[in-house]
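Visitor: Listed here are the chains, written in short residue letters.
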Amino acid sequence: MAPRPFITVLASWLLVLSLCATAAQAAGPNMAVVVGEESYRTLRIEVTGPIDPRTDAWEVWFANREFSRLDEAEFHSLVRRGDTSGLTRPAVGAAYDECRVDGDMAHRDEQGRPVISSQATRWSCDLTGMTPGQVQWIAVVPVDAAGTPLLDVNALQPVAGRTDVPDVRTPPPDSRPVTYALGAIVLSAIALLSFLRWQDAKRGRTRARLAHLYVAPGIIALAGLTFYPILYGIWLAFTDADQSHLGDTAFIGLQNFVEVFKTPGIWRVTAFTFIWSIANVTFHVLLGLVLALALNRPGLKGKTVYRTILLLPWAIPGYISVLAWNGMLQPDGLINGMLGTQIDFLADAGRARVVVILVNIWLGVPFMMASFSGALQALGKDMFEAAEVDGVSRWDQLIHLTLPNLKATMVPVSLLGFIWSFNAFNTIYLLSRGGPYVGFGEPGATDILVTYVFEVAFTYGHYGLAAAWSVLIFLMLVGFSWTYLRQTRATEAAA
Amino acid sequence: MNQTVAQKSYVPAELLALRSWLPAAAAMNGLLFVGEALRASPGGMGLTATGLLLLLALRFTLPAQAGAGRLWALRLLAMALIAVGFGAFMLTDRTLYDVWSRAWLLGPGVLVLAWSFFAPVQAWSTGKGGPEAAEEGLARNRTRLPRLETRALHLFLLHAIAVIIVPVIWIADVAVSPGNILGGRIGDAFTLEHFRSVLGGSQFWIWTRNSLIIAIGTTLVGLALAVPAGYAYSRYDFAGRKGSMFAFLLVQMFPGIIILVPYFMVMKTLGLLNTSIGLIIVYSVTALPLCVWMLKGFFDTVPRALEEAALLDGCTQLEVFFRIVLPLSLPAVGMTALFSFIAAWNEFLLALVFNTSNDRYTLPVGLSSMIPANGQLWGDFAAASIVVSIPVVVLFMLFQRSLIQGLSAGSVKG
Chain A
0 MAPRPFITVL ASWLLVLSLC ATAAQAAGPN MAVVVGEESY RTLRIEVTGP IDPRTDAWEV
60 WFANREFSRL DEAEFHSLVR RGDTSGLTRP AVGAAYDECR VDGDMAHRDE QGRPVISSQA
120 TRWSCDLTGM TPGQVQWIAV VPVDAAGTPL LDVNALQPVA GRTDVPDVRT PPPDSRPVTY
180 ALGAIVLSAI ALLSFLRWQD AKRGRTRARL AHLYVAPGII ALAGLTFYPI LYGIWLAFTD
240 ADQSHLGDTA FIGLQNFVEV FKTPGIWRVT AFTFIWSIAN VTFHVLLGLV LALALNRPGL
300 KGKTVYRTIL LLPWAIPGYI SVLAWNGMLQ PDGLINGMLG TQIDFLADAG RARVVVILVN
360 IWLGVPFMMA SFSGALQALG KDMFEAAEVD GVSRWDQLIH LTLPNLKATM VPVSLLGFIW
420 SFNAFNTIYL LSRGGPYVGF GEPGATDILV TYVFEVAFTY GHYGLAAAWS VLIFLMLVGF
480 SWTYLRQTRA TEAAA
Chain B
0 MNQTVAQKSY VPAELLALRS WLPAAAAMNG LLFVGEALRA SPGGMGLTAT GLLLLLALRF
60 TLPAQAGAGR LWALRLLAMA LIAVGFGAFM LTDRTLYDVW SRAWLLGPGV LVLAWSFFAP
120 VQAWSTGKGG PEAAEEGLAR NRTRLPRLET RALHLFLLHA IAVIIVPVIW IADVAVSPGN
180 ILGGRIGDAF TLEHFRSVLG GSQFWIWTRN SLIIAIGTTL VGLALAVPAG YAYSRYDFAG
240 RKGSMFAFLL VQMFPGIIIL VPYFMVMKTL GLLNTSIGLI IVYSVTALPL CVWMLKGFFD
300 TVPRALEEAA LLDGCTQLEV FFRIVLPLSL PAVGMTALFS FIAAWNEFLL ALVFNTSNDR
360 YTLPVGLSSM IPANGQLWGD FAAASIVVSI PVVVLFMLFQ RSLIQGLSAG SVKG
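These protein sequences, in sequence, are chains A and B.
For the first sequence, numbering that gives the first Met the number 0 assigns the number 0 to the initial residue and increments by one for each residue that follows.
For the second sequence, numbering that gives the first Met the number 0 assigns the number 0 to the initial residue and increments by one for each residue that follows.
No lab work stands behind these hints, which were simulated from the structure alone.
As the structure is a prediction and not an experimental result, all values here were calculated from the model.
Cβ atoms here follow ideal geometry from the backbone N, Cα and C, with glycine treated the same way.
A portion of the hints provided could be inaccurate.
[Said to hold, decoys possible] Some chain A residues well away from chain B (every beta-carbon gap over 12 angstroms; in silico):
| no. | residue |
| --- | --- |
| 1 | ARG107 |
| 2 | ARG112 |
| 3 | VAL140 |
| 4 | VAL257 |
| 5 | GLU258 |
| 6 | THR269 |
[What the hints assert, rightly or not] Stretch by stretch, here's where chain B covers chain A in the computed footprint (C-beta under 8 angstroms, at least three residues):
| no. | region |
| --- | --- |
| 7 | 185-199 |
| 8 | 211-225 |
| 9 | 452-460 |
| 10 | 463-476 |
From just these sequences and the hints, can you work out the full model?
Guide: Set out below in structure tokens:
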């Protein structure tokens with residue numbers, strides 16, 4: 000046998016011992032906290048007694064760097080302590096943050112919070128929803144019935160654990176259903192194309208003999224890899240698929256949709272998404288138009304230089320620009336340096352909302368500018384020369400000639416801009432992660448629908464619920480686009 | 000008093016310009032007021048607000064018609080504005096930002112004062128000068144007014160490019176500043192340590208290799224699917240043409256998030272997470288609709304006469320496509336390839352979800368992981384982003400016209 004397993008065991012023992020040492024200092028004389036099992040998105044904390052008899056609950060706080068005060072950390076969850084009679088124990092794998100007391104599953108109260116029996120001397124909890132690939136620092140703060148912490152919250156000594164350890168490999172999921180479905184779709188696409196080809200042949204359209212062959216690869220790819228996932232997603236919305244049981248999902252009817260509408264903050268996040276999209280598209284169109292008009296002035300010197308620089312936000316990879324803005328907005332970043340202040344722009348809800356919108360406006364203007372520039376160049380010069388001769392003022396030319404002629408570009412481009420802003424995941428995710436924090440399981444202050452759905456799916460692991468959100472978002476977008484196009488068409492008819 | 004048409008319509012160009020410039024300067028000071036409010040400096044807020052009100056007052060003191068006088072009031076207000084601007088200037092440090100923000104008070108003040116002593120303006124507002132002066136003035140306005148407008152336009156565009164370019168300069172500065180500090184003056188220190196640590200480590204090259212494999216794979220697969228389809232839509236009329244074109248269009252409108260979860264599940268079931276193939280498949284399919292539309296637009300511009308001649312000469316349809324159409328439209332195909340490459344090179348969300356292990360990261364996910372992870376490696380991030388952006392930005396700028404044209408063919412007309 001190679002000596003390696005022995006060394007690993009020894010090393011982990013040493014690690015546990017050293018962590019125990021820190022933990023003993025951390026939790027005061029009464030209690031010890033250790034990080035147990037580490038895995039991909041989950042960390043297990045183990046708390047061993049003796050427990051302060053005044054303890055009514057434990058608050059679990061975490062952060063991705065070492066902290067000593069609570070305001071530097073995020074609240075993760077609450078573990079209650081008390082009488083467990085009359086409460087139920089969930090089955091293994093049925094609840095989040097699975098907690099165990101002396102090896103058994105812990106009881107849960109009516110709200111689903113874990114309750115540790117007053118007699119217990121040791122308990123453990125699996126903290127889910129950690130960002131993978133990081134060192135996470137965790138502190139457990141016992142509080143009494145009045146909510147007063149029983150240890151000094153300004154001198155915390157949290158324990159650390161890594162979240163980049165992969166989960167134990169589960170047996171590969173049964174891939175047959177997906178393979179069969181894909182096969183069936185590919186075969187039916189081929190059948191459909193052959194049928195259309197046969198129809199053409201029957202009608203004697205021989206010139207297009209190869210057309211169906213040419214479009215076949217694209218159509219098959221589209222059917223198999225876009226239409227199939229969409230249908231699959233709609234089906235998922237009616238199932239209980241989540242991180243813990245993949246493969247044996249069950250149909251649960253409209254339960255996910257009910258859950259969506261019970262989400263605290265659903266109206267807030269929807270309202271912010273619309274404010275975000277409308278503010279963005281308005282300023283994109285407005286600024287893009289103004290810049291396009293400015294660059295359209297005949298004989299303007301340095302036009303190429305201006306144009307090239309103004310297109311930069313489009314040319315630079317979006318994630319890089321957003322992260323650069325993130326740096327500039329830090330308390331020691333450029334903006335604060337310019338103003339001579341130390342403001343954390345992303346910490347206050349109202350300010351963070353304004354800031355994320357401003358950054359996204361910065362990102363989107365060049366596309367609109369380029370679209371309008373193209374459209375302006377396509378406008379005939381004669382019209383404007385005629386207007387000039389007739390003594391029409393510049394302003395009237397803009398209102399009565401330029402803008403009506405740009406409408407054909409403006410309608411589709413602004414709809415496209417709306418849809419893009421609606422789905423601008425990167426800006427929010429890389430700037431504020433949806434924060435500032437509002438409540439556990441609730442969308443954050445700057446979350447828009449798509450970033451919240453991402454969180455539901457990939458932080459909490461509720462795939463079915465996320466699919467239900469996606470279906471609703473899609474219906475919202477379709478509804479909005481349809482109304483918008485109908486409205487613009489109506490005004491066109493009236494004009 | 001009898002006035003000629005010229006006399007009635009003549010207003011000196013300087014005053015015409017000020018009529019729109021003064022409100023613009025006031026609006027600018029409104030913005031600067033937000034900055035003072037963020038500083039929570041009562042002095043700065045007070046002075047900026049006073050300046051704003053003075054600018055508005057100046058706008059309404061401008062003589063509206065010839066002989067209206069009031070130039071003294073105008074000069075008094077302008078001097079007050081200069082005093083306010085100077086006071087504000089003395090109040091704070093003289094950083095570049097402060098100098099610029101005070102210039103928005105001092106500049107308009109000095110300009111109004113100087114122009115109020117300008118002979119034609121004086122003559123016009125005191126009502127002196129007869130029809131000849133008005134004729135002369137109108138002739139002068141014809142060259143003077145466009146020149147003033149151009150200057151204002153340049154000032155506006157300079158502000159616009161400043162907003163665009165400041166983050167770029169800042170990133171470049173962070174990349175060459177020692178340590179991982181964000182603050183400090185721009186250009187105060189120079190070091191290549193970040194470039195050395197990024198380019199010398201293995202991680203960056205692993206991410207680059209992943210991104211290159213995926214982007215090139217996407218381009219090849221995407222073109223193989225899109226070129227024949229684009230050609231067929233451009234040239235042939237066949238059963239199902241309209242329906243399938245509409246299908247492509249419909250997919251383009253779908254927000255990515257809707258298929259994100261099902262894609263993830265399908266890829267997980269097929270065991271394609273943390274592979275290059277999974278991302279190549281998904282990227283080439285998501286870029287497919289736009290590529291098909293772009294290529295159809297390009298093929299539409301290749302004249303058909305050549306193909307018809309070749310067909311008459313006995314070429315088969317396949318030969319026509321490979322020997323005539325494809326070589327002729329190579330630039331267009333290249334443009335579409337560039338588009339798919341850049342799209343795959345920059346994509347973040349799907350890569351974040353699909354490839355979660357560090358050695359499978361693509362550049363976007365890898366670079367962003369430098370920021371929230373331990374220690375916030377701002378310097379290394381900045382150096383890496385410069386290395387990653389330069390090729391893309393250069394390609395984009397070189398081919399911007401054709402790219403934008405192709406994109407608008409795909410997105411707007413569609």
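Visitor: Okay, which hints does this one fail, numbers in order?
Guide: none
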